[in-house]
Amino acid sequence: MSKSWLAQNTFHYSEFRDLEHLVRIKKQRKLTISLCLPTLNEEKTIGKEILIMRSELMQRAPLLDEIVVVDSGSSDRTLEIARSYGAKTYEAINILPDLEHYMGKGENLWKALYVTKGDIIVYLDADIKNIHHRFAYGLIGPLLMNRQLKYTKAFYDRPISTGKQKMRPTGGGRVTELVIRPLFSLFFPELTQIIQPLSGEYAGFRDLFQQIPFPIGYGVETSMILDIYDKWGLDVMAQVDLERRVHHNQSTKALGKMAFTILKTFYNRLEQLDMVDIKRNLYDEMIQYNMIKDSYQPDIYKIQRKERPPIIEIPAYRERFDDGLKENKIE
Amino acid sequence: MEQYIKNLPTVFRTIKSLKETIITNIVFMGQTPATTFHEKNRSEIFLKRLATFRVDECSKDDYNNPIGIIRGTSDRKPPIFLVAHMDTIFGSDIDHNYTVKKNTIQGAGILDNSVGIGVLLSLPVILNALELRFESDIVLAGVIQSIGRGNLRGIRHLLKTWPTPIRGAVCIEGAELGRLDYYSNGMVRGEIDCRIPITGIRSDSSRPNAILMLNEAINQILELRLPQKPKANIVFGKISGGFKHGKNAYDASLGFEIQSNSDKMVKSFFRDIKDIVDGLNHENDVEMNIKTISNTSASRLKFNHPLVKSAGVIMKKLDLEPVSQHSESELSIFLSRRVPAITLGVTRGQNCHLKNSKMLIKPMFKGIAQIIGVLIAIDNGVCDE
Numbered sequence: 049m050s051k052s053w054l055a056q057n058t059f060h061y062s063e064f065r066d067l068e069h070l071v072r073i074k075k076q077r078k079l080t081i082s083l084c085l086p087t088l089n090e091e092k093t094i095g096k097e098i099l100i101m102r103s104e105l106m107q108r109a110p111l112l113d114e115i116v117v118v119d120s121g122s123s124d125r126t127l128e129i130a131r132s133y134g135a136k137t138y139e140a141i142n143i144l145p146d147l148e149h150y151m152g153k154g155e156n157l158w159k160a161l162y163v164t165k166g167d168i169i170v171y172l173d174a175d176i177k178n179i180h181h182r183f184a185y186g187l188i189g190p191l192l193m194n195r196q197l198k199y200t201k202a203f204y205d206r207p208i209s210t211g212k213q214k215m216r217p218t219g220g221g222r223v224t225e226l227v228i229r230p231l232f233s234l235f236f237p238e239l240t241q242i243i244q245p246l247s248g249e250y251a252g253f254r255d256l257f258q259q260i261p262f263p264i265g266y267g268v269e270t271s272m273i274l275d276i277y278d279k280w281g282l283d284v285m286a287q288v289d290l291e292r293r294v295h296h297n298q299s300t301k302a303l304g305k306m307a308f309t310i311l312k313t314f315y316n317r318l319e320q321l322d323m324v325d326i327k328r329n330l331y332d333e334m335i336q337y338n339m340i341k342d343s344y345q346p347d348i349y350k351i352q353r354k355e356r357p358p359i360i361e362i363p364a365y366r367e368r369f370d371d372g373l374k375e376n377k378i379e
Numbered sequence: 381m382e383q384y385i386k387n388l389p390t391v392f393r394t395i396k397s398l399k400e401t402i403i404t405n406i407v408f409m410g411q412t413p414a415t416t417f418h419e420k421n422r423s424e425i426f427l428k429r430l431a432t433f434r435v436d437e438c439s440k441d442d443y444n445n446p447i448g449i450i451r452g453t454s455d456r457k458p459p460i461f462l463v464a465h466m467d468t469i470f471g472s473d474i475d476h477n478y479t480v481k482k483n484t485i486q487g488a489g490i491l492d493n494s495v496g497i498g499v500l501l502s503l504p505v506i507l508n509a510l511e512l513r514f515e516s517d518i519v520l521a522g523v524i525q526s527i528g529r530g531n532l533r534g535i536r537h538l539l540k541t542w543p544t545p546i547r548g549a550v551c552i553e554g555a556e557l558g559r560l561d562y563y564s565n566g567m568v569r570g571e572i573d574c575r576i577p578i579t580g581i582r583s584d585s586s587r588p589n590a591i592l593m594l595n596e597a598i599n600q601i602l603e604l605r606l607p608q609k610p611k612a613n614i615v616f617g618k619i620s621g622g623f624k625h626g627k628n629a630y631d632a633s634l635g636f637e638i639q640s641n642s643d644k645m646v647k648s649f650f651r652d653i654k655d656i657v658d659g660l661n662h663e664n665d666v667e668m669n670i671k672t673i674s675n676t677s678a679s680r681l682k683f684n685h686p687l688v689k690s691a692g693v694i695m696k697k698l699d700l701e702p703v704s705q706h707s708e709s710e711l712s713i714f715l716s717r718r719v720p721a722i723t724l725g726v727t728r729g730q731n732c733h734l735k736n737s738k739m740l741i742k743p744m745f746k747g748i749a750q751i752i753g754v755l756i757a758i759d760n761g762v763c764d765e
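So the sequences go chain by chain: L and R.
Under our numbering, the first sequence is numbered contiguously, ending at residue 379.
Under our numbering, the second sequence is numbered contiguously, ending at residue 765.
In isolation and in its complexed conformation, chain L is listed as follows:
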């Protein structure tokens, strides 16, 4: 296993804090950049995320050309708040409405490719409590400054907000360490150099995203890494230390469901790559148990196995983006 990738393709966001320089390169390369925030009931964090990005990376330094929110059907005021701070907002169900509708983060990311205009797309989770514009420019910087790079992924410290206005200094990343890293170690040791493969913050060129399939749910981050690795290799990827991201702690059961989805996605990819031969179909249900009154009751979580094809295969998308993006085509 080559360990040089870790040394050469790992950056710190502060290397890219000269925003004027980034804007100059962006202009020289005639690139446009879209920020996409997939949402589902994020009214507590969405406003801050949009206004900081607008202030710092649109008004003060024109690095971003648009901020787009793609929502899975929030029942709170996520979209109203997002609009009030100037983001373009879409409900995923209304994008490419002729296609069958699914719900999930991956679905939002995939559909965002249709409604955004940028040559570079930055995807950030919308629940970042300590949002700072470094989350975007840190991911954009390597893509602008190094023509070889086509995809950047975040990693960071993960303090947990325990919900009572108190912070725990460390934690998180359990699914990464207990599920993803062991799997990478078994099948793709090179990928273990990616410190947080499940981080929800990444950026890349449209030409890359439009050529890969998107699982509609949690598995999207895993499949994205595996697909990019398979198609273009590790050298088009980089990772950026964003230092600190505060997130809500999730219950072990919720993480179990996430792990289940990721495992399914992973095995699916292993089969496609002819790396394993599973003799029978895997089940789609994660079964957990809750004690209700005096007996254990199963809590069944059924995952949707759906996966969107590379969006370049969708005629409506090709019509929309037919002429663009050739300059950044990934060979």
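Hints are supplied without guarantee of correctness; some may be wrong.
Claimed, not checked - When the alpha-carbon atoms are kept at most 20 angstroms apart in a straight line, the in silico EDC-like pairs for lysine to aspartate or glutamate are as follows:
| id | chain 1 | residue 1 | chain 2 | residue 2 |
| --- | --- | --- | --- | --- |
| 1 | L | K279 | L | E361 |
| 2 | R | K428 | L | D332 |
| 3 | R | K482 | L | D322 |
| 4 | R | K671 | R | D658 |
| 5 | R | K399 | L | E128 |
| 6 | R | K396 | L | E128 |
| 7 | R | K742 | L | E128 |
| 8 | L | K279 | L | D322 |
| 9 | R | K618 | R | E596 |
| 10 | R | K671 | R | D764 |
| 11 | R | K399 | L | E114 |
| 12 | R | K482 | L | D175 |
| 13 | R | K420 | L | E291 |
| 14 | R | K428 | L | E291 |
| 15 | R | K428 | L | E225 |
| 16 | L | K136 | R | E400 |
| 17 | R | K481 | L | E128 |
| 18 | R | K671 | R | E637 |
| 19 | R | K482 | L | E128 |
| 20 | R | K420 | R | D442 |
| 21 | R | K399 | L | D113 |
| 22 | L | K279 | L | E238 |
| 23 | L | K354 | L | D332 |
| 24 | L | K136 | L | D113 |
| 25 | R | K428 | L | E63 |
| 26 | L | K354 | L | D146 |
| 27 | R | K481 | L | D124 |
| 28 | R | K481 | L | D175 |
| 29 | L | K78 | L | D255 |
| 30 | R | K618 | R | D573 |
| 31 | L | K92 | L | D124 |
| 32 | L | K92 | R | E400 |
| 33 | R | K420 | R | D441 |
| 34 | R | K481 | L | D173 |
| 35 | L | K51 | L | E238 |
| 36 | R | K457 | R | D436 |
| 37 | R | K671 | R | D655 |
Hints in this document: simulated from the structure, not taken from any laboratory.
Starting from the known structure of chain L, fit chain R onto it as the hints suggest.
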């Protein structure tokens, strides 16, 4: 000044167009914890952002107050100070991540004083967008060690060491919009600590109880006769002590403040309270002592001072009803050094000193407009008499 008032609708539009930057500044300031004596991180971010706004000079004074100076057009006019305190009561173990909604921002310390310091930080951008230039240098000072045990050390030091006269000053506080403070009471903030020494083997019930001893002190203080003139007041603001419900308390602490518009009266009452403490100490087997946490002198502008009058006019033009109270904050240090100064509030909100403090966004634009109006008035000479 008249021109500014005439242009208020345009001023509003311009300030509102900078909403994202102003709120970003408030959030970046507020989300960086800064308890008194631990303001370093917040100060550094304040200075870095001032520098990115291309403020002419950005530095710390030798007490580490972060300061930005917007150079004026005249080298003869003394500078005008705009100050806001950097420190808050919330430690770094408290979640400082703010929630921004359509009309509100919520989080620890937002009203006291993240919005004040965030607005101060935004003023270079706002003044630039309004294309306002001043004869005086404008000194933007985020002062450290202000509240509680800080005892206004930051502002005291800044003014003590400032090399030139100061033309006038505006102190910016988050709440409450409509506030127009122009006088400070004399004040001593003190603490009475009571400790029960553990000597030999004594049953718990035979030991004095620290809480009851403080109760006795309170009773005796309440018996002091407070005059109507000069006005005086004693506030019991904090109390703590004890170990658990079923045990006599071995220690207890009482925080109080003596306020009066006469420094002499404040000193006199402090002596009286000290006598009470000494008496209780002498008569009981306890260790009770009194200490001063902070103090300010009584000082004021007159109601008809041109600065107060013009601030009132600006506020009325903005449909704000000025409300004045004594303020023992940065204001008192300016006034005690004979620098004309007022304190203004930026916005309205709820739960000012709680973790879930919340500010309203919309009134803030008026708050900013009044600060700029007063700044113009000072630059036009209302403090020059």
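Here is how each hint holds up against the structure:
A C-alpha spacing of about 16 angstroms is found between K279 of chain L and E361 of chain L, which places the hinted pair at or below 20 angstroms, so the restraint holds. About 52 angstroms separates the Cα atoms of K428 of chain R and D332 of chain L, which puts this hinted pair outside 20 angstroms; it is violated. Between K482 of chain R and D322 of chain L the CA atoms are separated by roughly 51 angstroms; this puts the pair beyond 20 angstroms, and the hint is violated. For the hint pairing K671 of chain R with D658 of chain R, the CA-to-CA distance comes to about 12 angstroms; that is within 20 angstroms, so the pair holds.
The straight-line distance between the Cα atoms of K399 of chain R and E128 of chain L is roughly 17 angstroms, inside the 20 angstroms bound, and the hint therefore holds. Between K396 of chain R and E128 of chain L the CA atoms are separated by roughly 18 angstroms; this keeps the pair inside 20 angstroms, and the hint holds. With a C-alpha separation of about 17 angstroms, the suggested pairing of K742 of chain R with E128 of chain L holds against the 20 angstroms cut-off. Proximity of K279 of chain L to D322 of chain L is assessed by CA-CA distance (about 15 angstroms); at most 20 angstroms being required, the pair is judged to hold.
With a CA separation close to 16 angstroms, the supplied pair K618 of chain R and E596 of chain R stays within the 20 angstroms bound. Distance restraint check for K671 of chain R and D764 of chain R: the Cα-Cα separation of roughly 40 angstroms exceeds the 20 angstroms cut-off, and the hinted pair is therefore not satisfied. Our distance criterion of 20 angstroms between C-alpha atoms is met by K399 of chain R and E114 of chain L, whose separation comes to about 18 angstroms. Between the alpha carbons of K482 of chain R and D175 of chain L the distance comes to roughly 16 angstroms, so the proposed pair stays at or under 20 angstroms and holds.
Distance hint between K420 of chain R and E291 of chain L is fulfilled; the C-alpha atoms sit about 19 angstroms from each other, no more than 20 angstroms. As the CA atoms of K428 of chain R and E291 of chain L are separated by approximately 18 angstroms, the hinted pair is consistent with the 20 angstroms bound. Restraint check: the Cα-Cα separation between K428 of chain R and E225 of chain L comes to about 37 angstroms, which exceeds 20 angstroms; the hinted pair is violated. At roughly 16 angstroms between alpha-carbon atoms, K136 of chain L and E400 of chain R fall within 20 angstroms of each other, so this suggested pair holds.
Between K481 of chain R and E128 of chain L the alpha-carbon distance is near 9 angstroms, which keeps this suggested pair within the 20 angstroms criterion. Proposed proximity of K671 of chain R and E637 of chain R is supported: the alpha carbons are some 11 angstroms apart, at most 20 angstroms. A hinted pair counts as satisfied when its Cα atoms are at most 20 angstroms apart, and K482 of chain R with E128 of chain L qualifies at roughly 8 angstroms. Taking the CA atoms of K420 of chain R and D442 of chain R, the gap is about 13 angstroms. The hint holds against a cut of 20 angstroms.
With a CA separation close to 19 angstroms, the supplied pair K399 of chain R and D113 of chain L stays within the 20 angstroms bound. Restraint check for K279 of chain L and E238 of chain L: satisfied, since their Cα atoms lie roughly 15 angstroms apart, inside the 20 angstroms limit. Proximity of K354 of chain L to D332 of chain L is assessed by CA-CA distance (about 11 angstroms); at most 20 angstroms being required, the pair is judged to hold. Between K136 of chain L and D113 of chain L the CA atoms are separated by roughly 11 angstroms; this keeps the pair inside 20 angstroms, and the hint holds.
For the hint pairing K428 of chain R with E63 of chain L, the CA-to-CA distance comes to about 16 angstroms; that is within 20 angstroms, so the pair holds. Taking the CA atoms of K354 of chain L and D146 of chain L, the gap is near 16 angstroms; set against the 20 angstroms cutoff, the hint holds. A distance of roughly 12 angstroms separates the Cα atoms of K481 of chain R and D124 of chain L; the hinted pair therefore holds under the 20 angstroms criterion. Proposed proximity of K481 of chain R and D175 of chain L is supported: the alpha carbons are some 14 angstroms apart, at most 20 angstroms.
Restraint check: the Cα-Cα separation between K78 of chain L and D255 of chain L comes to about 15 angstroms, which is no more than 20 angstroms; the hinted pair holds. At roughly 12 angstroms between alpha-carbon atoms, K618 of chain R and D573 of chain R fall within 20 angstroms of each other, so this suggested pair holds. Proximity of K92 of chain L to D124 of chain L is assessed by CA-CA distance (about 10 angstroms); at most 20 angstroms being required, the pair is judged to hold. In summary, the hint linking K92 of chain L to E400 of chain R is supported, as the alpha carbons are separated by about 17 angstroms, within the 20 angstroms threshold.
Straight-line distance between C-alpha atoms of K420 of chain R and D441 of chain R comes to about 13 angstroms, which keeps the hinted pair within the 20 angstroms bound. At roughly 17 angstroms between alpha-carbon atoms, K481 of chain R and D173 of chain L fall within 20 angstroms of each other, so this suggested pair holds. With a C-alpha separation of about 8 angstroms, the suggested pair K51 of chain L and E238 of chain L falls inside the 20 angstroms cut-off, and the hint holds. At most 20 angstroms may separate the alpha-carbon atoms for a hinted pair to count; K457 of chain R and D436 of chain R meet this at roughly 17 angstroms.
Taking the CA atoms of K671 of chain R and D655 of chain R, the gap is about 13 angstroms. The hint holds against a cut of 20 angstroms.
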